[in-house]
Amino acid sequence: MRPAATTGAAAVGAPSAPASQRAGQPSLDAGGQSATALVGGIRAGRPILAATAVLLAALVIGISIGPADLSLGTMARSLVEHLPWHPDTGVAPLDAAIVWQIRLPRVLLGALVGATLAGGGAAYQGVFRNPLADPYLLGVAAGAGLGATAIIVSGASLALLPAAAFAGAAAAVVLTYALGAHARRLGDDTGLVGGAGPGTGAGTASILLAGIAVAALFTAAQTFLQQQHTQNLQVIYGWILGGLTGATWSQIALIFPYVALAAAVLLAHRRLLDVLRIGEAEAGSLGVNVPRLRLVVVVAATVGVAAAVSVSGLIGFVGIIVPHAVRLTTGHSYRIVLPVSMIGGAAFVVLADAAARILLAPAEIPLGVITAAAGAPFFLFVLRSRRARQGVA
Amino acid sequence: MIAAEHLKVAFGSNVALASVSLRVAAGEWVALIGPNGAGKTTLLRAIARMIRADGNLVIAGRPVTSLSHRKLAALIAYIPQHPVLPSELTGGDYVLLGRTPHIGWFGTESATDRRICAELMARMGLAQMAQRQLGSLSGGETQRLVLARALAQQAPILLLDEPTSALDLGNRVDALELVDELRRERSLTVLSAIHDLTLAGQFADRLVLLAQGQIAAAGEPTAVLREDVLSRAFGAGVRVLRTDDGELAVHSRRRRV
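Taken in sequence, the protein lines are chains V and H.
Take the first sequence: its letter number 173 is residue 173 in our numbering, and every next letter is one higher.
Take the second sequence: its letter number 225 is residue 225 in our numbering, and every next letter is one higher.
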């Protein structure tokens with residue numbers, strides 16, 4: 001069937017390989033060069049540029065929309081007012097204040113929150129190798145909800161709410177990790193959790209189960225507090241549904257260090273998340289310290305998401321829908337999915353917030369309702385159009 | 001290259017490896033054979049340090065406890081029986097993953113990494129698979145890509161867990177011939193678990209027969225592929241035949257004739 005191989009210079013080519021490759025040591029100057037071009041690695045430049053263009057358009061739309069009818073020129077000139085050595089723009093002070101003090105902080109806060117939720121979701125999906133993972137998976141939402149509810153019912157200043165929500169979110173994830181690690185040690189000893197030792201997914205399974213338990217516990221506590229103080233129900237509910245109403249520059253300053261740090265750490269690990277796509281065991285055999293990678297990514301994503309929800313409330317669905325839409329349209333490498341999800345998540349939340357403001361104007365729809373209601377059909381549309389494209393190809 | 005002394009692995013109360021001592025010399029091909037559950041995979045995973053094991057393990061002259069994850073990955077390339085193959089990943093990007101031990105925690109693949117992978121793929125006749133997605137490839141093609149990924153690690157030791165189990169008759173021989181050629185070309189040390197006893201005897205320098213977590217027999221194929229030894233280890237009737245060109249062929253007997 002094939003010539004007997006006697007030395008290292010024997011035939012190895014596939015039946016269809018060109019003769020130059022089959023003849024022992026192939027002529028690499030020919031075959032190798034074309035192959036170098038083929039093993040090109042992953043290029044994220046174009047998807048990032050396209051997503052950035054969408055984000056810029058979303059920002060313009062976000063700033064344009066509002067009860068006061070301002071022209072694009074007025075808005076542009078209002079922004080120019082804040083440049084150093086700007087020329088005299090002649091914008092009415094009220095218009096300038098609407099753009100600078102009301103619309104711009106709201107749009108920018110929405111962009112920060114959206115980028116963090118979508119990037120955090122993509123990171124969680126990568127590190128747990130689970131397409132259903134979202135940034136609230138390990139109890140962030142339940143913890144933040146409990147912290148926020150505690151502040152609201154206690155009658156303390158609502159200025160403390162972000163700090164309390166952040167603390168609750170962080171506490172929930174720390175508890176989840178501790179429980180998960182403990183369950184895993186028990187599992188290693190008793191064989192109760194997962195299969196034969198590390199690398200078989202037992203580690204992530206126990207952490208995910210712990211996340212469900214912790215979320216249930218914190219939600220129970222939050223519901224109990226809420227039922228004891230029904231007079232605060234509307235405030236609590238408004239926070240839980242999430243929104244950007246009353247966004248200020250100080251809120252942006254408050255969360256910016258956390259979300260920027262989280263984004264930087266997650267982006268720094270994008271190649272390792274790609275290695276993890278072939279599984280924990282094989283990534284480990286390639287020299288990746290998987291438990292350390294998981295801890296660093298989870299901590300970074302959690303810090304960012306906790307900071308985001310502390311000012312925006314629990315905006316749902318962004319962390320699942322945006323990364324999957326990115327995968328379906330551009331690619332599965334985390335070198336593309338992470339940055340494009342961040343940019344696309346920012347655009348998605350800015351646009352959703354614009355819709356929340358105008359659909360029932362002058363009333364506002366809770367942003368979380370819009371993201372869920374708009375996200376689901378959009379996701380179906382992406383899925384469908386991709387299927388159709390594959391059907392043709 | 002590999003010196004293991006009294007390796008022990010237990011999952012809870014279930015002892016998978018009792019006390020296994022094994023040496024594999026540089027450039028040697030040793031095949032692990034034995035019935036299901038004998039501990040072949042466990043031994044490979046213990047040597048690759050993917051599971052905790054008691055005992056002494058020295059790789060390339062260095063105790064494994066002194067090696068970091070990355071240093072060990074630069075010495076040992078491991079191919080599991082069922083590698084995870086993300087269907088959207090292209091062949092070229094998959095082989096590039098093998099360069100991971102040579103790239104820093106925050107680094108990215110260099111032009112050198114890409115050239116090494118491209119040359120390797122050309123050498124293995126895989127150049128035309130660089131841009132194809134793994135989901136569109138046949139079992140034989142993916143098997144060669146997995147081997148290419150392991151060789152891209154440029155580790156002197158290759159651990160293979162049942163490299164041929166998913167392949168048909170012709171692809172099996174092709175895959176093992178390829179391993180044999182590349183190991184001679186690159187002076188690799190190979191330790192592999194192989195189910196097929198005839199193939200194990202054809203390709204390996206030495207065989208190690210595991211049964212119930214212990215070494216039941218070890219040595220050259222003629223010393224291990226014996227009817228009495230195999231019948232006892234596998235608990236089944238076995239005949240060992242010699243072909244015209246002097247190779248051993250292992251043939252199982254039906255329980256009732």
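Keep in mind that the hints were calculated from the coordinates and are not lab data.
Careful: at least some of the hints might be erroneous.
[Said to hold, decoys possible] Pairs of lysine to any residue residues, derived as SDA-like cross-links and limited to a Cα-Cα distance of at most 20 Å, are as follows:
| hint | chain 1 | residue 1 | chain 2 | residue 2 |
| --- | --- | --- | --- | --- |
| 1 | H | Lys8 | H | Lys71 |
| 2 | H | Lys71 | H | Gly61 |
| 3 | H | Lys8 | H | Arg52 |
| 4 | H | Lys71 | V | Pro291 |
| 5 | H | Lys71 | V | Asn289 |
| 6 | H | Lys71 | H | Gly140 |
| 7 | H | Lys8 | H | Ala18 |
| 8 | H | Lys71 | H | His102 |
| 9 | H | Lys71 | V | Arg292 |
These are the hints, each one checked on the structure:
1. The suggested pairing of Lys8 of chain H with Lys71 of chain H is violated, with an alpha-carbon distance near 23 Å, which exceeds 20 Å.
2. In summary, the hint linking Lys71 of chain H to Gly61 of chain H is supported, as the alpha carbons are separated by about 13 Å, within the 20 Å threshold.
3. The straight-line distance between the Cα atoms of Lys8 of chain H and Arg52 of chain H is roughly 9 Å, inside the 20 Å bound, and the hint therefore holds.
4. Using a Cα cut-off of 20 Å, the hinted pair Lys71 of chain H and Pro291 of chain V holds, with the two alpha carbons roughly 17 Å apart.
5. About 12 Å separates the Cα atoms of Lys71 of chain H and Asn289 of chain V, which keeps this hinted pair within 20 Å; it holds.
6. A distance of roughly 30 Å separates the Cα atoms of Lys71 of chain H and Gly140 of chain H; the hinted pair therefore is violated under the 20 Å criterion.
7. Taking the CA atoms of Lys8 of chain H and Ala18 of chain H, the gap is near 5 Å; set against the 20 Å cutoff, the hint holds.
8. About 9 Å separates the Cα atoms of Lys71 of chain H and His102 of chain H, which keeps this hinted pair within 20 Å; it holds.
9. Restraint check for Lys71 of chain H and Arg292 of chain V: the C-alpha separation of about 16 Å stays at or below 20 Å, so the hint holds.
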